[in-house]
Amino acid sequence: MSGPDVGRTTWRALRARRRDVGRLAAWSAVESLPALLAGLLVARAVDQGFLAGRFATGLAWLGGLAVAILLGAVATGRVYRALGAVVEPFRDDLARLVVHGALHDATRAGGRPDSAPVARLTHHVEIVRDTFGGLVMVVRGFLFTAGAALLGLLALDPTVAVLVAAPLLAGLVVFAAALPAMLSHQRTQVRAGEALGRSAANALTGHRDVLACGAEERTVAEVDRKVGDHAHAERTLARMSALRSLSLGLGGWLPVVVLLLAAPWLVRRGLSTGAVLGALVYVTTSLQPALHALVQGLGGGGLRYAVTLERILRTCRPPAHGGAAATSAPVPDGGSPAVRLSGLAFRYGLRARPILDDFSMTLPEGEHLAVVGPSGAGKSTLAALVAGLVEPERGTVHLAGRPVAAVAPADRAALRVLVPQEAYVFTGSLADNLRYLCPDADDPTVETALAVLGAEPLARRLGGLAATVDPATLSAGERQLIAAVRAYLAPAPLVILDEATCHLDPTLEATVEWAFARRPGTLVVIAHRISSAVRARRVLVFDEDGPMVGGHQELLARSPAYRDLVGHWDDVAAAATGGTATADRTVAGVAAPHG
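Be aware that the sequence shown starts at 17, since it is given in my numbering, and climbs by one per residue.
Fair warning: there could be bad hints in the mix.
Said to hold, decoys possible - What follows is a set of in silico ranges between Cβ atoms, one per label pair, in the way DEER data are often shown:
no., residue 1, residue 2, range
1, Pro473, Ser445, 12 to 22 Å
2, Thr443, Thr221, 28 to 38 Å
3, Ala193, Phe71, 43 to 53 Å
4, Pro280, Val155, 33 to 43 Å
5, Trp281, Gly209, 50 to 60 Å
6, Gly80, Thr443, 55 to 65 Å
7, Ala361, Val236, 43 to 53 Å
8, Gly583, Ala228, 48 to 58 Å
9, Val550, Pro419, 32 to 42 Å
10, Arg207, Ser358, 40 to 50 Å
11, Leu75, Pro280, 22 to 32 Å
12, Tyr440, Ala361, 27 to 37 Å
Simulated from the structure, these hints should not be mistaken for lab results. Note that beta-carbon positions come from the ideal geometry of N, C-alpha and C, so glycine has one too.
From just these sequences and the hints, can you work out the full model?
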């Protein structure tokens with residue numbers, strides 16, 4: 017009925033909950049007791065009771081049927097409970113898949129946030145959940161109800177069972193043969209509806225441009241064509257309902273006609289009147305409703321399930337588990353530099369000024385680098401390139417000897433941790449927020465990190481590690497401090513602070529940076545204050561002539577841009593370096609003006 021992805025996903029969902037499916041099947045068997053016994057008990061009530069003049073005996077047989085119906089009703093309640101145990105985890109799996117796909121698309125190189133996953137999460141996932149539950153119910157209902165009714169017919173008379181089963185099978189074959197075409201037309205109808213929506217939205221949002229360009233007729237014709245396509249798809253899909261009616265007629269009503277026409281012959285060969293009536297009961301109260309539910313369920317909700325789940329799977333691919341980059345978490349190579357940038361080039365747009373152009377730099381293990389420059393110079397872009405969140409136009413980024421582009425996004429956390437300016441804190445305990453990147457950290461380790469980064473007063477004010485954190489009640493600085501402790505606990509050897517302390521006061525900012533500088537590993541600070549550059553071993557300044565790397569005093573002498581940032585004049589820089597300010601630019605390759 018559906019593509020291989022849909023079939024495999026559905027089968028995996030059912031196999032993953034085999035115990036719950038087994039419990040559902042067991043209660044379904046109990047629920048089908050009325051379908052199994054109805055015809056037999058009615059036949060006994062007629063033949064041995066009412067036709068024989070024993071009214072009480074007939075009522076007793078019908079009383080047995082009533083007991084079977086009560087047991088079936090009790091089982092029905094259990095069936096729905098077992099159904100929830102199968103359906104709800106599947107919905108949760110789909111929600112996780114959509115969230116994973118949205119985060120992957122938003123955080124991959126060149127990716128960006130998209131609101132479409134929200135629609136898939138709220139609308140499409142609920143469609144799949146509802147239709148999946150409906151499909152499980154109608155399929156298991158048909159299997160157990162039809163199976164029980166056919167067993168009852170066999171118990172009445174094997175010939176009657178054959179007379180009923182033959183047209184039932186014919187109806188099922190017609191329906192199964194029509195399902196692929198129905199699915200194809202359902203896909204076409206969905207795509208036509210989406211195309212119409214896009215066309216109408218574009219026409220409405222751009223109506224001023226349409227009027228200004230005199231393109232009214234062309235735009236109306238385009239929308240009208242989409243309307244026609246959608247209407248044609250709707251009509252074609254509606255015509256497919258005739259096949260459903262044909263299968264229902266063959267499988268549901270033809271057995272009744274066959275039984276009525278064959279009744280004289282069946283009676284002549286010894287079948288009782290009660291047995292004929294019982295056979296009609298099996299067909300009209302069990303087989304016919306079960307077949308109707310199956311055909312309507314698969315032909316309606318089943319098609320929506322297949323098409324909607326197919327679209328979710330195509331747009332939210334599951335995490336890949338193959339390939340060299342994803343086979344295992346990356347192990348940092350202790351003999352390689354922490355960061356090596358080779359020939360990096362990056363610009364925002366084809367005609368934009370390059371942020372980086374053939375930029376190379378090596379950071380040894382244990383380095384403490386501050387990156388400074390005017391707003392918009394490319395500091396955060398460099399941080400994103402190093403972290404692997406943005407793909408360079410040219411060049412390579414290696415972390416601990418591994419090309420970051422070849423490392424699966426889920427494994428990059430083992431190599432680096434990036435703390436952005438807008439720190440993320442989620443609702444939950446303070447301990448859960450701090451242990452997010454290091455779940456195995458024990459309480460003493462977490463408390464030590466709080467003390468080292470000066471976050472103990474904040475932890476006490478919030479009520480300790482077990483206290484619930486509400487992000488809305490925290491200031492921007494408090495959120496940054498929690499994120500800093502989280503990064504400090506992370507096992508990654510490289511920490512990138514992208515103006516991650518800009519909302520802290522200078523004293524606390526210094527405490528945090530000194531703590532990270534003493535932490536084993538490498539530290540890159542996108543500086544918000546010039547004091548961060550003074551604390552660093554090396555400074556990368558984005559000069560108007562290109563990036564330049566050096567120590568604080570060295571850059572005061574060599575970089576006018578750095579002197580402007582620090583607030584020194586050329587003569588102050590010259591005095592600080594013994595009167596010389598004519599050193600060559602080792603990165604940019606041009607001479608600095610004499611102070």
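Checklist line | Supplied distance hint 33 to 43 Å, evaluated on CB atoms of Pro280 and Val155 | finding: 37 Å, holds
Item checked: Range hint 40 to 50 Å (beta carbons of Arg207 and Ser358) holds or violated -> About 45 Å separates the Cβ atoms of Arg207 and Ser358, which means 40 to 50 Å holds.
Note to self: Given a hint of 48 to 58 Å, does the C-beta separation of Gly583 and Ala228 actually sit inside it?
What the structure shows: About 51 Å separates the Cβ atoms of Gly583 and Ala228, which means 48 to 58 Å holds.
Margin query: Against the range 27 to 37 Å, how does the distance between the Cβ atoms of Tyr440 and Ala361 compare: consistent or not?
Written below: 30 Å, holds
Notebook entry, point to check: Is the distance from the Cβ of Gly80 to the Cβ of Thr443 consistent with 55 to 65 Å?
Noted result: For Gly80 and Thr443 the Cβ distance comes to about 57 Å; the hint holds.
Item checked: Range hint compliance [Cβ, Ala361 to Val236, 43 to 53 Å] -> Between Ala361 and Val236, where Cβ atoms are some 46 Å apart, the hint holds.
Next item on the list: Look at the Cβ atoms of Pro473 and Ser445 and judge whether their distance stays inside 12 to 22 Å.
Entry: 18 Å, holds
Notebook entry, point to check: How does the Cβ-Cβ distance of Thr443 and Thr221 compare with 28 to 38 Å: does it lie in that range?
Noted result: This hint holds: roughly 36 Å between Cβ atoms.
Margin query: Tell me if the beta carbons of Ala193 and Phe71 are separated by a distance inside 43 to 53 Å.
Written below: 50 Å, holds
Next item on the list: Starting from the hint 22 to 32 Å, judge whether the C-beta atoms of Leu75 and Pro280 obey it.
Entry: Once the Cβ atoms are compared, 29 Å apart, the range 22 to 32 Å for Pro280 and Leu75 holds.
Notebook entry, point to check: Do the Cβ positions of Val550 and Pro419 conform to the proposed distance bound of 32 to 42 Å?
Noted result: Holds - the Cβ-Cβ distance for Val550 and Pro419, about 33 Å, lies within 32 to 42 Å.
Check: Is the distance from the Cβ of Trp281 to the Cβ of Gly209 consistent with 50 to 60 Å?
Finding: Taking Cβ atoms as reference, Trp281 and Gly209 lie about 53 Å apart, which means the hint holds.
Of the hints listed earlier, there is not a single one the structure fails to meet.
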